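Taking the hints into account, I'd like the entire structure generated from these sequences.
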Amino acid sequence: MARRLVLVPVAVSLAVGIAACGSTGSSGSGDGPIVLGADVSLTGPLSPFGATMRAGYERAVQEANAQGGIMVGGKRRKVVLDVLDDRSDPTTAGDNARTLALKSNATILFGPASPPLTLPVAQVAEREKVPALLSFTPLVSFHNASKSGWKYTWDTFVNEPDLINAELSAAATQNPKSNRKLAIFADTEQDGQVFSRLWHEQAPALGLRVAYTASFPAGTSDLSSFVAKAKQSGADVVAMVLTEPDTVSLYKEMKAQGYHPKVVIGEKGTALASFQRLLGPLANGTVTMGFWAPELGYPQGAQLESAARHFGGGQEVSNVVDCYSLVQVGLKAIERAGSTDPDKVNAAIAQTSGVFPLGPIRFRKDHSAVLKVVMKQWQDAETRQVYPKGPRTSQMAFPMPGLS
Amino acid sequence: MASTVVNGILIGSLYALVALGLQQAFAVMRLVNLAYGEFVVVGAYGAWLVSRGLHVDPLLALAIVCPVIGILGYVLQRGLLGPLLSRGLEPPLVATFGLSLILVSLMTQAFSGDSRALDASYATSGVAIAGVQVRVTYLVTFGIAVAIFAAAHVVMTRTRTGAALRAIAGDPDTARTMGVNVEHLYGWTLGLIAAVGAVAGTMIGLSFSFDPSTGASFLLKGFTVMVLGGVESIAGVLVAGIIVGVVGGVGGEVFGGAYQDMVVLIFLLVLLALRPTGLRGREAT
Numbered sequence: 001m002a003r004r005l006v007l008v009p010v011a012v013s014l015a016v017g018i019a020a021c022g023s024t025g026s027s028g029s030g031d032g033p034i035v036l037g038a039d040v041s042l043t044g045p046l047s048p049f050g051a052t053m054r055a056g057y058e059r060a061v062q063e064a065n066a067q068g069g070i071m072v073g074g075k076r077r078k079v080v081l082d083v084l085d086d087r088s089d090p091t092t093a094g095d096n097a098r099t100l101a102l103k104s105n106a107t108i109l110f111g112p113a114s115p116p117l118t119l120p121v122a123q124v125a126e127r128e129k130v131p132a133l134l135s136f137t138p139l140v141s142f143h144n145a146s147k148s149g150w151k152y153t154w155d156t157f158v159n160e161p162d163l164i165n166a167e168l169s170a171a172a173t174q175n176p177k178s179n180r181k182l183a184i185f186a187d188t189e190q191d192g193q194v195f196s197r198l199w200h201e202q203a204p205a206l207g208l209r210v211a212y213t214a215s216f217p218a219g220t221s222d223l224s225s226f227v228a229k230a231k232q233s234g235a236d237v238v239a240m241v242l243t244e245p246d247t248v249s250l251y252k253e254m255k256a257q258g259y260h261p262k263v264v265i266g267e268k269g270t271a272l273a274s275f276q277r278l279l280g281p282l283a284n285g286t287v288t289m290g291f292w293a294p295e296l297g298y299p300q301g302a303q304l305e306s307a308a309r310h311f312g313g314g315q316e317v318s319n320v321v322d323c324y325s326l327v328q329v330g331l332k333a334i335e336r337a338g339s340t341d342p343d344k345v346n347a348a349i350a351q352t353s354g355v356f357p358l359g360p361i362r363f364r365k366d367h368s369a370v371l372k373v374v375m376k377q378w379q380d381a382e383t384r385q386v387y388p389k390g391p392r393t394s395q396m397a398f399p400m401p402g403l404s
Numbered sequence: 001m002a003s004t005v006v007n008g009i010l011i012g013s014l015y016a017l018v019a020l021g022l023q024q025a026f027a028v029m030r031l032v033n034l035a036y037g038e039f040v041v042v043g044a045y046g047a048w049l050v051s052r053g054l055h056v057d058p059l060l061a062l063a064i065v066c067p068v069i070g071i072l073g074y075v076l077q078r079g080l081l082g083p084l085l086s087r088g089l090e091p092p093l094v095a096t097f098g099l100s101l102i103l104v105s106l107m108t109q110a111f112s113g114d115s116r117a118l119d120a121s122y123a124t125s126g127v128a129i130a131g132v133q134v135r136v137t138y139l140v141t142f143g144i145a146v147a148i149f150a151a152a153h154v155v156m157t158r159t160r161t162g163a164a165l166r167a168i169a170g171d172p173d174t175a176r177t178m179g180v181n182v183e184h185l186y187g188w189t190l191g192l193i194a195a196v197g198a199v200a201g202t203m204i205g206l207s208f209s210f211d212p213s214t215g216a217s218f219l220l221k222g223f224t225v226m227v228l229g230g231v232e233s234i235a236g237v238l239v240a241g242i243i244v245g246v247v248g249g250v251g252g253e254v255f256g257g258a259y260q261d262m263v264v265l266i267f268l269l270v271l272l273a274l275r276p277t278g279l280r281g282r283e284a285t
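Taken in sequence, the protein lines are chains A and B. Heads up: the first sequence is residues 1 to 404, going by my numbering. Heads up: the second sequence is residues 1 to 285, going by my numbering.
Because the hints were derived from the structure by calculation, they are not lab data. Computed from a predicted structure; not experimentally measured. Accuracy of the hints is not assured; some may be wrong.
[Stated by the list, open to error] Capping the alpha-carbon separation at 20 Å, the derived lysine to aspartate or glutamate pairs in EDC-like fashion look like this:
hint, chain 1, residue 1, chain 2, residue 2
1, A, K344, A, E126
2, A, K229, B, E253
3, A, K103, A, D31
4, A, K344, A, D31
5, A, K231, B, D119
6, A, K75, A, E126
7, A, K255, B, D119
8, A, K372, A, D162
9, A, K365, A, D380
Written out as structure tokens, the structure reads:
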């Protein structure tokens with residue numbers, strides 16, 4: 001019995017030792033590399049985001065290392081980026097974040113796209129007390145997900161009400177020829193429900209009436225009855241928040257049923273070039289959200305755009321700029337903290353204030369930084385900025401040519 | 001409601017097509033094929049490659065895709081699954097699960113995770129039937145599904161091959177002693193159902209879009225239809241597919257789209273409580 005009792009701590013020590021050997025980084029040690037951990041969706045339905053996001057994270061790390069690393073507590077230390085693929089699966093995203101925090105000893109966690117995947121990463125960050133810098137999580141969804149408030153998670157993205165206000169205003173006021181009836185197609189994921197609720201709340205003030213709402217799980221194959229009812233409602237304006245495959249199914253169904261809305265606003269599934277490649281001319285005229293454009297004139301915008309242009313003519317470049325900027329925010333915070341201690345780094349992130357390639361980033365007390373809304377429209381195989389108005393913005397095509 | 005029912009019938013035939021491959025693998029070989037969703041997606045990628053490479057309609061591409069995938073299915077059965085079948089239900093079950101993961105990885109490596117769709121002039125066209133607007137691809141799917149089910153029924157009930165398949169489904173050892181080449185027929189079975197999966201994948205690619213992970217959701221639908229239809233009845237599977245399509249559509253319309261799948265599963269549970277063997281049970285094929 002006594003021998004067994006001795007063996008238990010020995011086994012535990014061995015296990016801990018083996019686990020430590022397995023770690024890929026040594027953020028905590030004095031002069032080893034700083035480890036950053038990124039969970040991204042390299043496979044699965046959200047994989048079109050993953051490749052561009054990884055490119056942004058990697059570019060910022062490469063540039064930091066090209067300058068010899070970052071100064072931490074008077075020593076210059078290299079930066080290592082540990083990237084894991086969550087296969088677009090929320091459970092895997094959480095598991096990956098845990099691996100990055102506990103096994104890789106990541107000083108800061110970076111996330112994937114879309115709340116169903118970013119929020120599991122945030123929950124791990126809170127539980128393990130490791131700072132996480134997220135994006136692609138609209139702010140209302142971000143705040144709704146933590147009733148007690150976030151402590152280690154920071155989100156930089158657009159505010160849904162601002163976005164909806166810009167999009168619905170364009171539909172209602174810039175195009176007065178539409179009948180101002182709105183049909184909503186939303187999936188049952190968290191962002192889908194938030195957008196659907198806000199569309200209902202904000203539409204009346206902008207002169208639009210919600211004539212039909214369809215809500216269904218992501219991956220629903222038969223959308224015929226929903227489209228038939230939307231067509232029956234006579235809505236000229238369609239707003240959708242669906243994954244890319246579901247968006248494609250919906251467009252095909254609308255075309256087949258002869259439904260010709262004059263304005264189509266698409267969140268989530270309409271952002272990337274793959275959306276346009278899948279639908280071809282049908283996609284023409286789709287209004288899609290944005291949060292960055294080279295026209296905004298933030299630093300390094302032109303260089304990043306030319307470096308990332310090969311990814312596609314949709315939101316791809318913005319994704320690279322976004323993730324590149326988040327790593328810059330994180331590395332500057334580590335430098336300011338002078339340490340990889342999670343609490344010190346977390347406190348330094350809170351002090352962030354500056355203009356990055358993505359735009360001005362300053363975190364509020366609720367751990368969010370608001371990005372400017374940029375509304376874009378698919379016109380001839382690429383997205384063009386139609387809002388805010390400026391010298392280089394395009395005229396919004398109306399009625400939407402793709403489904404006319 | 002008429003539109004929902006008509007579209008439910010048509011889309012249900014696609015679910016039935018997916019379920020047919022699952023059902024025949026189980027009925028003939030007692031093989032629970034967890035990789036069948038990926039067989040379907042491989043078929044969609046095959047049609048995508050051939051139609052783009054040769055600039056032909058995706059349905060014409062099936063003339064090349066189906067034989068190629070059928071041969072691959074045969075080789076897979078003889079080389080991997082066949083030897084495992086003699087060791088009970090679990091080894092081939094685990095093997096197909098592993099195969100599913102491998103196929104997803106291979107497809108991701110080869111084609112990336114981006115969604116794709118099959119192009120055809122009729123892919124976004126619709127026609128009116130009795131005042132109900134339906135998609136042309138749904139109609140084509142229904143026609144192809146009915147033809148395949150009819151052919152499967154005729155083969156199983158009117159041919160010597162069908163008699164041999166029924167014999168090995170009942171007692172492979174006895175069939176073997178009577179001179180039936182069981183392993184060869186098992187190979188042909190998997191080859192044929194892989195080809196049917198390719199047809200289903202092509203129709204999915206025409207109607208919706210697909211990526212390497214698309215197979216999982218259709219596998220789930222396929223198993224639901226198979227259990228509902230009865231694991232040994234070909235006609236039962238077609239009827240069950242249509243019922244799942246209609247019940248899902250009507251359920252979505254009555255209770256909201258969020259409850260579409262739940263309504264189907266509750267319907268399945270209630271029906272199984274009343275008829276544990278499914279719609280057609282273990283009656284003759």
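Checked hints:
With a CA separation close to 15 Å, the supplied pair A:K344 and A:E126 stays within the 20 Å bound. For a cut-off of 20 Å, the pair hint linking A:K229 to B:E253 stands: about 10 Å separates their Cα positions. Proximity of A:K103 to A:D31 is assessed by CA-CA distance (about 19 Å); at most 20 Å being required, the pair is judged to hold. The hinted pair formed by A:K344 and A:D31 meets the criterion: a straight-line CA distance of about 17 Å does not exceed 20 Å.
Between the alpha carbons of A:K231 and B:D119 the distance comes to roughly 25 Å, so the proposed pair goes past 20 Å and is violated. Restraint check: the Cα-Cα separation between A:K75 and A:E126 comes to about 29 Å, which exceeds 20 Å; the hinted pair is violated. Proposed proximity of A:K255 and B:D119 is supported: the alpha carbons are some 14 Å apart, at most 20 Å. A C-alpha spacing of about 9 Å is found between A:K372 and A:D162, which places the hinted pair at or below 20 Å, so the restraint holds.
For a cut-off of 20 Å, the pair hint linking A:K365 to A:D380 is broken: about 42 Å separates their Cα positions.
In this structure, the hints that do not hold are numbers 5, 6, 9, in rising order.
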